Amino acid sequence: MQNTVELRGVTKRYDEFMAVDHLSFEIREGSVFGMLGPNGAGKTSTIRMMMGITLPDEGEVFCFGQRFERKHLEKIGYMPEERGLYKKMKVFEHLVFLGQLKGLSESEARRRSLDWANKLDIADWGDKKVEELSKGMQQKIQFISTLLHDPPLIIMDEPFSGLDPANAVQLKDVLIGLKKQGKTILFSTHRMDTVERLCDTICLVDHGKAVLMGELKQVKASYGKNSIQLEYEGDSSFLQDKSLVESFNDYGNYVEIKLTKGADPQALLRSISSRARVNKFELVEPSLEAIFIDVVKKNEVPANA
Amino acid sequence: MRNMLLIMKREYLERVRKKSFLVTTILVPALMAAAIWLPIKFASKNSLEKRTITVVAPTQTLADAVKNQLLVTTSHDDDNPFTDDSDKKETAETAKTPAVSPYTVNTSTALDDQSRQQLRDDVSAGKISGFLWMPPDAVKERKFTYFSKDATNFSEQVSLQTSARIALTQQDLAGRGLKDSEIKAVMEPVKVEAVRLEKGKESKTSGIGLFFGSLMMVTLLYVTVLIYGIAVMRSVIEEKGSRIMEVMLSCVTPRDLMGGKIIGVGAVGLTQIAIWIGLSIALSTPAVVAFKSMAGNVHIPVSSIAYFAVFFLLGYLLYSALYAAIGAMVNSEQEAQQIQFIVLTPLIFAMVMAQVVIQHPSSQLAIWLSMIPFCAPMLMFVRILIETPPWWQIALCLALMVGTIWGLLILCAKIYRVGILMYGKRPTLPELMKWLKYAG
Numbered sequence: 172m173q174n175t176v177e178l179r180g181v182t183k184r185y186d187e188f189m190a191v192d193h194l195s196f197e198i199r200e201g202s203v204f205g206m207l208g209p210n211g212a213g214k215t216s217t218i219r220m221m222m223g224i225t226l227p228d229e230g231e232v233f234c235f236g237q238r239f240e241r242k243h244l245e246k247i248g249y250m251p252e253e254r255g256l257y258k259k260m261k262v263f264e265h266l267v268f269l270g271q272l273k274g275l276s277e278s279e280a281r282r283r284s285l286d287w288a289n290k291l292d293i294a295d296w297g298d299k300k301v302e303e304l305s306k307g308m309q310q311k312i313q314f315i316s317t318l319l320h321d322p323p324l325i326i327m328d329e330p331f332s333g334l335d336p337a338n339a340v341q342l343k344d345v346l347i348g349l350k351k352q353g354k355t356i357l358f359s360t361h362r363m364d365t366v367e368r369l370c371d372t373i374c375l376v377d378h379g380k381a382v383l384m385g386e387l388k389q390v391k392a393s394y395g396k397n398s399i400q401l402e403y404e405g406d407s408s409f410l411q412d413k414s415l416v417e418s419f420n421d422y423g424n425y426v427e428i429k430l431t432k433g434a435d436p437q438a439l440l441r442s443i444s445s446r447a448r449v450n451k452f453e454l455v456e457p458s459l460e461a462i463f464i465d466v467v468k469k470n471e472v473p474a475n476a
Numbered sequence: 265m266r267n268m269l270l271i272m273k274r275e276y277l278e279r280v281r282k283k284s285f286l287v288t289t290i291l292v293p294a295l296m297a298a299a300i301w302l303p304i305k306f307a308s309k310n311s312l313e314k315r316t317i318t319v320v321a322p323t324q325t326l327a328d329a330v331k332n333q334l335l336v337t338t339s340h341d342d343d344n345p346f347t348d349d350s351d352k353k354e355t356a357e358t359a360k361t362p363a364v365s366p367y368t369v370n371t372s373t374a375l376d377d378q379s380r381q382q383l384r385d386d387v388s389a390g391k392i393s394g395f396l397w398m399p400p401d402a403v404k405e406r407k408f409t410y411f412s413k414d415a416t417n418f419s420e421q422v423s424l425q426t427s428a429r430i431a432l433t434q435q436d437l438a439g440r441g442l443k444d445s446e447i448k449a450v451m452e453p454v455k456v457e458a459v460r461l462e463k464g465k466e467s468k469t470s471g472i473g474l475f476f477g478s479l480m481m482v483t484l485l486y487v488t489v490l491i492y493g494i495a496v497m498r499s500v501i502e503e504k505g506s507r508i509m510e511v512m513l514s515c516v517t518p519r520d521l522m523g524g525k526i527i528g529v530g531a532v533g534l535t536q537i538a539i540w541i542g543l544s545i546a547l548s549t550p551a552v553v554a555f556k557s558m559a560g561n562v563h564i565p566v567s568s569i570a571y572f573a574v575f576f577l578l579g580y581l582l583y584s585a586l587y588a589a590i591g592a593m594v595n596s597e598q599e600a601q602q603i604q605f606i607v608l609t610p611l612i613f614a615m616v617m618a619q620v621v622i623q624h625p626s627s628q629l630a631i632w633l634s635m636i637p638f639c640a641p642m643l644m645f646v647r648i649l650i651e652t653p654p655w656w657q658i659a660l661c662l663a664l665m666v667g668t669i670w671g672l673l674i675l676c677a678k679i680y681r682v683g684i685l686m687y688g689k690r691p692t693l694p695e696l697m698k699w700l701k702y703a704g
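Going line by line, the protein sequences match chains L and Z. For the first sequence, the working numbering gives the first residue as 172, with consecutive numbering after it. For the second sequence, the working numbering gives the first residue as 265, with consecutive numbering after it.
Watch out, some of these pointers could steer you wrong.
[To be verified] Calculated lysine-lysine pairs in the PhoX-like style (CA-CA distance at most 25 angstroms, straight line):
{"#": "1", "chain 1": "Z", "residue 1": "Lys391", "chain 2": "Z", "residue 2": "Lys413"}
{"#": "2", "chain 1": "Z", "residue 1": "Lys282", "chain 2": "L", "residue 2": "Lys300"}
{"#": "3", "chain 1": "Z", "residue 1": "Lys282", "chain 2": "L", "residue 2": "Lys261"}
[To be verified] Computed list of chain Z residues with no C-beta within reach of chain L, every gap over 10 angstroms:
{"#": "4", "residue": "Met265"}
{"#": "5", "residue": "Thr289"}
{"#": "6", "residue": "Thr368"}
{"#": "7", "residue": "Gln381"}
{"#": "8", "residue": "Thr535"}
Just so you know, the hints here were simulated from the structure itself, not pulled from any lab data. None of the values given here were measured: they were computed from a predicted structure. Idealized CB from N, CA, C, for every residue including glycine.
So here's chain L without its partners, still in its complex pose (with noise of 0.2 angstroms):
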């Protein structure tokens, strides 16, 4: 099957700062990629590139299987991290013009506003200034006009934030349903719990480098179920005994843990209920984000030493 993106060695420096770091990968056609990453890791930066907005300092970008070209542009809908609408114009007619902006004719434009807005539930407020919506239907404005010309490749920067739940729901099943036509779609997130369960391929992404890669599946068997995720009230002592637990992450309302090599889960099920009250204990494949606090503390050991 084609690649839809390809980039290979991709370089951005900004003067001294390595923004992007010779940093490859391939995006399936069909496929929901995720370039996973915290704030600051280079991943706006690389879809710059991919869209043109910047060009790299090395490295290619192909799109389609050909090198960049601008007219691309009219096969990729991008939804930048940044949303921005302009405040004072009517929603339709915004909507209308970033369709035309993206090659389709006024009344094309025009129609397909009015689908998407009556699948989102936003039909009645089109006349209504962008100004006078509240920041969840301006989200939906912003991801209808990504949407418009109905894109092969769909590209989102955090998609999800700042959406409430119903919101986000929402437009999930849209690009779930989107995936199924057989478009492509790339996230960009440092929320990775948010598209966990929807990509099929990931690359996680730190200081501009690619340090983990794969398929979704392959990357959490790798890991083997040795993560456990557990409620519990009362002393919190055992997390630290360092014969049964390698690592853990608090999350408030729950913790994962991670198991040393060739420890029992049952001793230390043992060894909690003797000090607390457990309400769930369950034996998980480790969540995206362990899995990444793991990568970079290897990568960050031999730097150190």
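Given chain L's structure and the hints, the job is docking chain Z onto it.
For chain Z alone, coordinates are given in the frame of chain L:
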């Protein structure tokens, strides 16, 4: 190209639909006319306030002579620069009663220190506006002192000088045995009228009318270039602020974005000017003669308005490119204020020089200043209004401007391209140089 047109259309419609567009279209020329017309109407003849002054002279005859002369001078002094001959006939018929001077003049012959102190106190207390002190030895030297609270009223000083001189001359002539009627004939004032020759024909516009008419049009040009230049800057800052920039850049090039914006906003300016032209044509029809007589005889030929449009367009392109670059460099309007002066300086300089150029349109200074592209919109325009400069000068000026605009657009587009995605600290000059390098 299609994208640039779409952006242009958006900018244009958004602005023209605003109420503020209508308001400025009407208000700006009205204010401008008022700002120039009102001071002329009033300042030249002190009719804003009644003034009481005391003339103290050695003899009652001299004091009376000065008093009479002052009353004549100040009521004579209402040569409205805007009234032409036809208007004058009218006023001569309607105003059979002589014009009233704003002055009330008292006379005195008490030249002792005590009465002088008394007069000083009166001035301080505001009982009188001032007093003219004419002791005998001062009469010999023909050098008098006028005491008043506001020493800045130059036209009053001039009136007093004239009155005292005429009074002394009359006294002198009477001393030589001339009859009153003879004296009056000798002292009859003279008048020089300036008639402008334009292509061998006498122009309809009086010199002074032309002066103020030109000043008004240049000010209007300055204001419109400034308003629309700043509009471009605001719009860039707003796009940066609302973070729509990246959305736009995912479908258009920075060049299209900047070009569309500049052309769109400029088209709004041209629309406004077109409305003004329409209005001024409407105003020259008989239906609105009433307004004309009120505004006086500021005759603005259509060719001047055509030049206005041309120089607006060129000046606007020049300055809006700079303003777009500034907008891209900053994050907020407050920040923009700080570096705006770079752009404002040549504009203001040109406005200051315009006053000089109006009076000496063919001087070397005027010619060379009007060739500087940053001043040319105002200064060449003013020269064209006042006299017609040689065609090669106009051509050279236009060529220089077009060349400069071309260069500036390329330069500013580069700054724009890098700047619109930069948030945070405003760039320093070396950083700006780096931007230019990035943009390639």
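Structure-based check of all given hints:
Pair hint Lys391 (chain Z) plus Lys413 (chain Z) holds up; C-alpha atoms about 11 angstroms apart against a cutoff of 25 angstroms. With a C-alpha separation of about 14 angstroms, the suggested pair Lys282 (chain Z) and Lys300 (chain L) falls inside the 25 angstroms cut-off, and the hint holds. Between the alpha carbons of Lys282 (chain Z) and Lys261 (chain L) the distance comes to roughly 14 angstroms, so the proposed pair stays at or under 25 angstroms and holds. The beta carbon of Met265 (chain Z) is kept farther than 10 angstroms from every beta carbon of chain L, the shortest such distance being approximately 12 angstroms.
For Thr289 (chain Z), the shortest C-beta to C-beta distance to chain L comes to about 19 angstroms, beyond the 10 angstroms cut-off, and the non-interface label holds. No beta-carbon of chain L comes within 10 angstroms of the beta-carbon of Thr368 (chain Z); the shortest separation is about 59 angstroms. Remark: the non-interface label on Gln381 (chain Z) is consistent with the geometry, its nearest Cβ contact in chain L lying 69 angstroms away (cut-off 10 angstroms). Every CB of chain L lies more than 10 angstroms from the CB of Thr535 (chain Z), the least distance being 19 angstroms, so the non-interface label holds.
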